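**Q** Going down the list, the protein sequences come from chains A and B. Positions 1 to 122 (our numbering) are the ones given, in order, by the first sequence. Positions 1001 to 1515 (our numbering) are the ones given, in order, by the second sequence.
Worth flagging that the hints you see were computed from the coordinates, not collected in a lab. This one's a predicted model, so the numbers in the text were calculated from it and none came from an experiment. C-beta atoms are modelled at their ideal positions from N, C-alpha and C, and glycine is treated no differently. Hints may contain errors.
[Unchecked claim] Covered by chain A, per the in silico footprint, the following chain B stretches (three or more residues, Cβ under 8 Å): (1) 1128-1138; (2) 1150-1158; (3) 1185-1193.
[To be verified] The following residues of chain A were derived to be distant from chain B, with all beta-carbon distances above 10 Å: (4) E2; (5) E56; (6) G58.
[Stated by the list, open to error] Here are some of the chain A residues that sit facing chain B, going by a computed Cβ distance under 7 Å: (7) H72; (8) I81; (9) E109.
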Amino acid sequence: MERTLILLTAFVGFYGLIISRNLIKKLLFLGIFNGAVIGFFIQVRSFLKIPPLYMEPGQILHIGEIADPLPHALVITAVVIGFATQSLSLVFVMIISQRFHTLDEGKIEILVEQERQDDLGR
Amino acid sequence: MTWGDNPVSLLPSLLSFFAVFSFVFPFLVPLFPRKFFWVLLAHLLYSSAFLFFFFLQEPVYQQGISVVFGGWGKGRGVQILLNELSLDFMIPAVALFAAGLGFSRSLKKDWKFAFLVDLLFTDLLLLFLANDLFNVYVTMELLALLSYLLIASEKKNRQIWASLKYMIIGAVGFNFYLIGVADVYAATGTLNLQLLQAVDPAILEKLVFPFTMIILSFLIKSGAFFFSMWLPSSHSEASGMVSALLSGIIVKGGIFFLFRLWPFFQTPVLQGFLTAVGVASAGFGVFFALLQKDIKLILAFHTMSQVGFILLGGPTDGALYAMSHALFKSLLFLTASRAAVTFQARHLSRISASEKTLSPSVTLPFLIAFLSISGLFFCSGGLYKFNILHHQPTWIFWYLELISVGTVVSIGKIAMVFMKKTRWQKPWFPGWSFGFLTFTLVSHGILLLSTQSPGFAFALSSVEVFFVGLGLWFLVQRFLGSWFPYRLFRIPLVLNGYLVVLSGIVGLFFWRSGL
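Only chain B is shown next, with the shape it has when bound in the complex (with noise of 0.2 Å):
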């Protein structure tokens, strides 16, 4: 058969190759000890090319590619499909991988790191791709496995017990997990989820239970606040690399799942539950943020909140916002670490009285990226979180408003520190990683102003923003203490609150079933 005679059917024959191959990769790593960051360049290289093939499919774009493993059949094998769901998380993916490899000195020296990384890398991009039931469980907990070790890989104290602590919440978490699977399983007769969209929707509409569970699970990893308590220890204390990987694209495998199974949460009770863990989310990781002067954890319970906007917008504007937000806090954290390492630091105190300065080639691509986070319109997720404000109520798009000026001050004090301690001469050239990411960020902004044309509405909301969130730093900053409560992130307060919830679903759906 040659590439012209029907090439449409060579596109699942193309993606399965291209998922199985992929676990070479990382067995190359240690067989090549001195030789292995051409392993991870030719992994890099070899992702980029197909998902830029798969990019230019128009069948992505319609149904999705589907492959089936073994000629089992839908009911009983494993299932992958590509879809644009899919593409809008793999993408950010390889971006970071690509800007990790520049930035990581690990990464170029330590080839056990530098096996985890890759070998995380690849089940990421396997885990944008399953659709059922059994692989999502395979996929989650081998990133979980692999963020565990990574987090403590400097085998510092705290990082240990990040670690330590995800593990517990995470094991949980992955429990609930297995009950909910087991229920809808026991209901339907598959783990399919193309299988499980066909199901009657009588039957699908008493799981309430089963799905709360899996949204639980799912919401435990993906760093929403109050289910994700585990995120700020975690994400600060883990090393620079580690931090941006985790907020950048490890804290999507949780919401990509959402996403990818938001058709069976439409029921009122699940949808409104969803709604109030987005409004709850943005709104305390903000008000966090904003108690805080360690640079890592203020970054840290911003992820929280950009979580919160993420569920907001759900798999169409949020999937979208979600891909921004990996590039600019991958960038945030990257550079924040850099600036720690500078200073020996992480307080913002101790950054303003150090003697030592800042170069510009870590400043200017912390303000591109603090510029994305604050929703400018010239940068990346500018326009997709102006989507997910329009697409509320109005009392949520008026909270929203009102969290990204929060989101603008909390990250101002950051960058007016940096601005202070900056040195404003050579080297004004970021590096590969920093400059790649900030390259990404602004010309995917421009690319979108200038393809969409959102019109000067949105120009205008996200400068004012901008500036009265400014304006309010300059206003309150001598108010703002540090606190953080680190009882409240506690292993049995946070286990005490899953019983609350769940008891409190479960109770709110046989009430309004009238039993």
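Only chain A is shown next, with the shape it has when bound in the complex (with noise of 0.2 Å):
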């Protein structure tokens, strides 16, 4: 069950990063299929029962189910990249909406390209 809202909150931002044509609306869905997918991660290895990485010996363990460690290290490592990246490119879709005027891709896309030719034709 977990794992079908989570694939379907995975759809609904890889959708939404298609239709929506406003750069920072962009964004965000990305960030959602970003969270969902980091969701899945977890999901899919949080409740197995396996031993910590470490005891010591002769230490006798308390805790009834321990969540597998390793996704946990690469979601963390997931979450910062995701981070890092959405707000690079929020700083780029500012220069953007500066320089053009508009968040929508489809605009900006028509803009650069006749720039494109303005530039190769002088």
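Put the complex together from the two separate chains, hints included.
**A** Here is the structure:
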């Protein structure tokens, strides 16, 4: 059930990325997609009964269930990288919006192509 | 312990030292903002020395040299592995870095640009050592972040837009990777590639969907047509040295990991998918290159086409061709960028109409790189391309021969214009960066000819393709227009395409499984 909900969220994020033309909305949907993928990763291996990585000799384990820590290490990396990418994207979107005075992806594509044609034609 | 006592056991320690200490150099750059060029030079010499040493070690070509950091064991620790495949990619990375030091004024004057390039170089070397799915993710994402910054380094509108598109598409790609890795880990319990190879093949055969997601993520980074539609604008709009790095070695990151994971892609569905991508990429890349008159856009589309050849070659022939491709493609971009600066134009008509002239120190290296990409027998890449073609089924062989002729026609366009605009007088000497790459291409080609003795058929076929291409260029040059279908490269269309491909692969898998 959780996996289905997470994959549905990922699909919503991915589909929103396709259909929205506003760059800020695209980045928001990218964030949703990214979050859902991280949730999927955690959900896949979070509830298995495995022993901790390290135990002292003779130590008795009182905790019933341990979540697998390896996916969590990868997820932390994914969160940090996702944050860095989102931050950089937002900076670029800010610069683009200041220069082209629009956040519409289709219009920016046309303006950029016109600029390229003008430069080539000079 | 002296050096003479069991020196083989020192190799893992040396590899760990090499990998870890490499990270010191980029962080020395901001500490010495006026002398950073010497830091980069020291880094180059350090990497070259270690690579030369490892190149001579027998264990690299057998089981490889591997290290698991922290003593955790392969199941939990980060593993690096240096084998022949790693060397095939690390050597051109070092060569490109060396050429870049001589070429780029930004690299000599701007310490921030130098910091990014040096960090990119370090990350590339570690990327080609990665041997677990976690390390793959970290190194690839760092490579991507540095690429985004380098593409937009001159802060021009088109560069920032190209970088933003690359960022969005790349982020989607690596989310696919995470989904694939999560499923692989759930099924097998490990991220380590060596341990994955020991998993029951019956379990691995059922993992078509996760491996498809992983393949998709690497194809998005590797420059294959349809999956890497960010490539033409990024590679053409970036500055000269960044374009050379992007086409030369950065796209090889995705290709390297496809080859590293190749043993897991042996099901008929996945092999068929990779072959189809290679064939499509080779053809469409040349098709769009023929339709361009922007010299950097022509070269960018050729990167897509050559990636198709590399994918069809696989981890044996393809990896060797990738090594040559890194050298001649970067030389093509560096010389084309120098020409664009000279003429203040990138359009072939504008260059032809310009009153300025080109120096032989730029034209001659461009021509050598042109001969290399055309597959001529005395240049690096000729023999590897010949091997790729001759290990394919008949219809793919003839298709690739046609594509090779198309390659000569489309880059011949640029070569003819450059030759017409060249003033054949001093300076003849191409300078450090062009000269180094030119010398490497020719000497590597001659070395292969003398050591491999490929036979007269190889030389004849390479010359035939070249002259057929040139002849065709003379016939069709007037009919070739200029058309860049930028709408095909928009984000929504590209992402829709990924959905269609994924659905197709999954559907095909279930159909073949009888479900």
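**Q** Confirm or reject each hint.
**A** Results of checking the hints against the structure:
1. 1128-1138: That given contact holds, which follows from 3 residues of the region 1128-1138 of chain B lying within Cβ reach (below 8 Å) of chain A.
2. 1150-1158: holds (count 4)
3. 1185-1193: holds (count 3)
4. E2: holds, 13 Å
5. E56: With a cut-off of 10 Å, E56(A) remains clear of chain B, as the shortest Cβ separation is near 17 Å.
6. G58: Fine: 22 Å to the nearest Cβ keeps G58(A) off the interface.
7. H72: Cβ of H72(A) sits 11 Å from chain B, so the hint is violated.
8. I81: With Cβ-Cβ at 5 Å, under 7 Å, it holds.
9. E109: Interface hint status for E109(A): holds (6 Å vs cutoff 7 Å).
This entry does not satisfy hint 7, going by the numbered hints stated previously; all others are met.
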